[in-house]
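Engineer: Sequence:
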Amino acid sequence: TSGKALFDGKDLLSLPMNQMTNIWGQEIAMVFQDPMTSLNPVVKIGRQVSEHVRKHLSLSRREARELAVQLLKSVRIPEAEVAYSSFPHELSGGMRQRVSIAIALACGPQLLFADEPTTALDVTVQHQILNLLGLQQSERDMAMVLVTHDLGVVAGRTDEIIVMYAGKIVEQASTHQIFQNTSHPYTEALLRSIPKTDQPSHTRLAAIAGRPPNLITMPSGCSFSPRCPYAQERCFEEEPPLTVTKEGHATACWYQVGTEANRAAWDKNLAAGRPATLAVAEGQVIDEVPIDIGAGGA
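Okay, so the sequence shown: first residue is 3 according to this note's numbering, each after it adds one.
Just so you know, these hints were derived from the structure itself, not from any lab. Nothing here was measured: the structure is a model prediction, and the numbers come from that model. Only true hints are included.
Label-pair ranges, simulated between beta-carbon atoms:
{"hint": "1", "residue 1": "42", "residue 2": "170", "range": "32 to 42 angstroms"}
{"hint": "2", "residue 1": "181", "residue 2": "89", "range": "34 to 44 angstroms"}
{"hint": "3", "residue 1": "17", "residue 2": "124", "range": "37 to 47 angstroms"}
{"hint": "4", "residue 1": "89", "residue 2": "201", "range": "34 to 44 angstroms"}
Every residue gets a Cβ at the ideal spot worked out from N, C-alpha and C, and that includes glycine.
The task is simple: from the sequences and hints, build the whole structure.
Structural biologist: Here is the structure:
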């Protein structure tokens with residue numbers, strides 16, 4: 003891999019460790035998906051929060067304690083004084099995640115990464131955590147990157163969405179464009195897999211045929227082609243470039259959703275009985291997709 007990771011005009015990949023240490027936790031912070039692994043299970047909550055602020059803000063013990071309690075209150079933890087003296091296992095999953103958010107926000111970062119912050123939480127708590135992140139982002143005027151596999155999580159909570167597959171960007175656009183004018187088949191499949199409240203009971207959930215590629219032995223051409231219902235011979239041979247429209251909608255696909263070429267590819271694959279296409283048309287679930295580029299070749 004190669005490239006740059008630019009933040010505030012600085013290439014983070016080229017900075018020495020002492021400069022990166024000053025950026026971590028202060029200018030850039032992160033909320034991990036599992037607070038039980040990101041929090042120390044044998045250290046009380048208060049100490050974990052106060053040690054973080056003492057390290058970066060050079061506060062006294064008393065000042066750090068006062069700020070830690072204030073931070074716990076700011077993330078809507080009831081009885082913050084009690085939580086301050088508790089161990090992680092004594093709190094619920096939702097409360098532990100709020101503690102992780104408090105630690106991340108302690109030094110007023112400019113950028114917050116939230117990596118699957120609602121994993122293993124029930125639906126009600128997920129909603130509360132996402133609303134809390136949105137509220138903190140707005141109140142603190144900071145940027146936030148929300149990493150998730152669930153596009154329903156980011157609907158209405160983000161300005162822009164970047165869809166990645168096998169480590170590469172396949173679609174990038176405003177949140178409105180992604181939901182209203184989907185261009186990439188993988189994005190379309192992700193949206194199709196979101197359960198709908200108006201679906202009849204016992205409706206089979208939509209699934210993406212096949213499995214993700216082995217990142218060590220990547221296939222030639224488009225990495226999504228073995229699972230794509232529109233894939234043609236060209237898709238298995240040539241990797242599509244990321245093209246950008248005048249509206250700023252970027253897509254890496256030879257047969258973009260909604261185009262005449264896309265509809266023709268669908269009809270051709272359906273007539274040929276291509277498994278990945280039939281799986282979508284008939285609502286089937288296929289773990290392994292046999293590759294037959296001859297049947298749907300173009």
